[in-house]
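Peer 1: If you want the building blocks of each chain, they are given just below.
2 protein chains.
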Amino acid sequence: RPQLPSVAAMAQNQSYWTSIEDDIKVYLKKAIPIKSPETVFEPMHHITFAAPRTTAPALCVAACELVGGDRSQAMAAASAIHLMHAAAYAHEHLPLTDRPTYRSTIQHKYGPNIELLTGDGIIPFGLELLARSMDLTQSNQDKILRVIIEITRATGSQGIVDGQYQELGLQQLGTDLEIIEYVSRKKEGELHACGAACGAILGGGAEEEIEKLRNFGMYAGMIQGMLRINKNGSEEKIAKLAALALKELESFHGKKIELISSLVEPSLETVVV
Amino acid sequence: RPQLPSVAAMAQNQSYWTSIEDDIKVYLKKAIPIKSPETVFEPMHHITFAAPRTTAPALCVAACELVGGDRSQAMAAASAIHLMHAAAYAHEHLPLTDRPTYRSTIQHKYGPNIELLTGDGIIPFGLELLARSMDLTQSNQDKILRVIIEITRATGSQGIVDGQYQELGLQQLGTDLEIIEYVSRKKEGELHACGAACGAILGGGAEEEIEKLRNFGMYAGMIQGMLRINKNGSEEKIAKLAALALKELESFHGKKIELISSLVEPSLETVVV
Numbered sequence: 050r051p052q053l054p055s056v057a058a059m060a061q062n063q064s065y066w067t068s069i070e071d072d073i074k075v076y077l078k079k080a081i082p083i084k085s086p087e088t089v090f091e092p093m094h095h096i097t098f099a100a101p102r103t104t105a106p107a108l109c110v111a112a113c114e115l116v117g118g119d120r121s122q123a124m125a126a127a128s129a130i131h132l133m134h135a136a137a138y139a140h141e142h143l144p145l146t147d148r149p150t151y152r153s154t155i156q157h158k159y160g161p162n163i164e165l166l167t168g169d170g171i172i173p174f175g176l177e178l179l180a181r182s183m184d185l186t187q188s189n190q191d192k193i194l195r196v197i198i199e200i201t202r203a204t205g206s207q208g209i210v211d212g213q214y215q216e217l218g219l220q221q222l223g224t225d226l227e228i229i230e231y232v233s234r235k236k237e238g239e240l241h242a243c244g245a246a247c248g249a250i251l252g253g254g255a256e257e258e259i260e261k262l263r264n265f266g267m268y269a270g271m272i273q274g275m276l277r278i279n280k281n282g283s284e285e286k287i288a289k290l291a292a293l294a295l296k297e298l299e300s301f302h303g304k305k306i307e308l309i310s311s312l313v314e315p316s317l318e319t320v321v322v
Numbered sequence: 050r051p052q053l054p055s056v057a058a059m060a061q062n063q064s065y066w067t068s069i070e071d072d073i074k075v076y077l078k079k080a081i082p083i084k085s086p087e088t089v090f091e092p093m094h095h096i097t098f099a100a101p102r103t104t105a106p107a108l109c110v111a112a113c114e115l116v117g118g119d120r121s122q123a124m125a126a127a128s129a130i131h132l133m134h135a136a137a138y139a140h141e142h143l144p145l146t147d148r149p150t151y152r153s154t155i156q157h158k159y160g161p162n163i164e165l166l167t168g169d170g171i172i173p174f175g176l177e178l179l180a181r182s183m184d185l186t187q188s189n190q191d192k193i194l195r196v197i198i199e200i201t202r203a204t205g206s207q208g209i210v211d212g213q214y215q216e217l218g219l220q221q222l223g224t225d226l227e228i229i230e231y232v233s234r235k236k237e238g239e240l241h242a243c244g245a246a247c248g249a250i251l252g253g254g255a256e257e258e259i260e261k262l263r264n265f266g267m268y269a270g271m272i273q274g275m276l277r278i279n280k281n282g283s284e285e286k287i288a289k290l291a292a293l294a295l296k297e298l299e300s301f302h303g304k305k306i307e308l309i310s311s312l313v314e315p316s317l318e319t320v321v322v
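Residue numbers (this note's numbering), protein chains in the order written: chain A, 50 to 322; chain B, 50 to 322.
Rather than coming from a laboratory, the hints here were simulated on the basis of the structure.
All of these numbers come straight from a predicted model, not from anything done at the bench.
Even for Gly, the Cβ is constructed at its ideal location relative to N, Cα and C.
Hints are not guaranteed to be accurate.
From chain B, some residues computed to sit far from chain A (all C-beta separations above 12 Å) [as the list claims (entries may be wrong)]:
(1) Glu70
(2) Asp119
(3) Arg148
(4) Lys286
(5) Glu299
(6) Ser311
Taking lysine to aspartate or glutamate pairs in the EDC-like style, the calculated list, with each CA pair at most 20 Å apart, reads [claimed, not checked]:
(7) A:Lys286 / A:Glu318
(8) A:Lys158 / B:Asp191
(9) B:Lys158 / A:Asp147
(10) A:Lys192 / B:Asp191
What the simulated footprint calls covered on chain B by chain A, stretch by stretch (three residues with Cβ under 8 Å from a Cβ of chain A suffice, anywhere in the stretch; the number is not a length) [as the list claims (entries may be wrong)]:
(11) 57-68
(12) 88-98
(13) 138-144
(14) 162-172
(15) 287-295
This is chain A alone, in the form it adopts within the complex (with noise of 0.2 Å):
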């Protein structure tokens, strides 16, 4: 069992992934500035930052650091992929009327239909802000094509939408474990697997190292998946997923390989409180 870090050691990981986050979120905050028409894009603006955060774009960038590229060629990327998180999170909470309405609890700053606009807005803004990305200077854009195709994958119809729909299931039909996984692998996992493999892809990563790292962010989410639905037995399948995440790693070498298994590290403890 690999050995658990120091509380130094989690200082300084905890402070690696918030440089992230701070750079994402500055990065957004330019890219969508509230100004006119107001009736656009304040609730653009309030929806990109109101949903929930989640660690898929943070693995992007972590990801393109990892395979030796520099952290601005994963920021659009990384931004692409909270955009298109932030509108399904919108969409997944609009009061239709044949939906649970256990789906309603979170607070709405807009009505419904100015929610579900704006979604639909936020998902093209997304992928406009990743095909802009492209530098003629750097000759990225087969890259950029290749991570376009990735992120549209794991948001669309057998990605993360197919996730919503079964959950939305759940309640009918219990909470069986197996059920849980699959929710957890098509919302959270496959927008981990694309976030770390596109940051792997734009920072120059090897095929291997892609589709190590894509493994690596499919067990990373499916952990985080899990952890929110919070099912009691589920501890044994978390603390499994955080070693199997773990082993993909090994291969690398050197200190951004600390910093980048910190986001499943304390998932191995479950099975040992």
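Chain B: place on chain A using the hints.
Peer 2: Just chain B now, with coordinates in the frame of chain A:
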């Protein structure tokens, strides 16, 4: 005033547009097979083909051919434009609690939850289709990224979404011709402008051709929007838009011009009758 085409020419023009529409349909049917999981693909298929026809995708193909490109070069972009339109149409007709009831008058085959999530899946799918059409042998990556930016803008917060938002206010605001014009520009106008520009970009058109075709598309689309809203007193404006559209084509030469101008020619007559 430009001469109106003969009956024989009209039949020829009609069969040109029909052949394009057919090709797009075949492309889309192949892209969205009804396969497992059917809970995902069956509604995607339905929503894609249930949306009312818009001429923006066909205009994309016609613009590509007008500048000398091959039809196949525009097929992914034309399909993506149709998919964005179909998703927008589905979301526009979702029964939300704060929407006027007249919005719900269309037939709904699925519940609101499925229609919402399917639309959310169709948007990234359209862009994935486009990104996947990159062809290393043609080195078309720059063009595709440019087209992705065109489409995400036209369908986002400052394009269709803005038009939808404004149109929902039409009932309250009365039907001021100026607002009808604005809605027509944002909805049908920008989508057709985008379609024509994308076709010209992918077909290898010069920058000047791209901009002329973009303008043609804007006028042609606005006409469609104003015909759809169908307000008494807009006939004169529609005829003016048709004349402006045809003016943009003056510097192009050859048979393909007659084909593409047939999109707006019937509208010249609106003041004659």
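Peer 1: Taking the numbered hints from earlier one at a time, note which ones the structure violates and give those numbers from smallest to largest.
Peer 2: 3, 8, 11, 15
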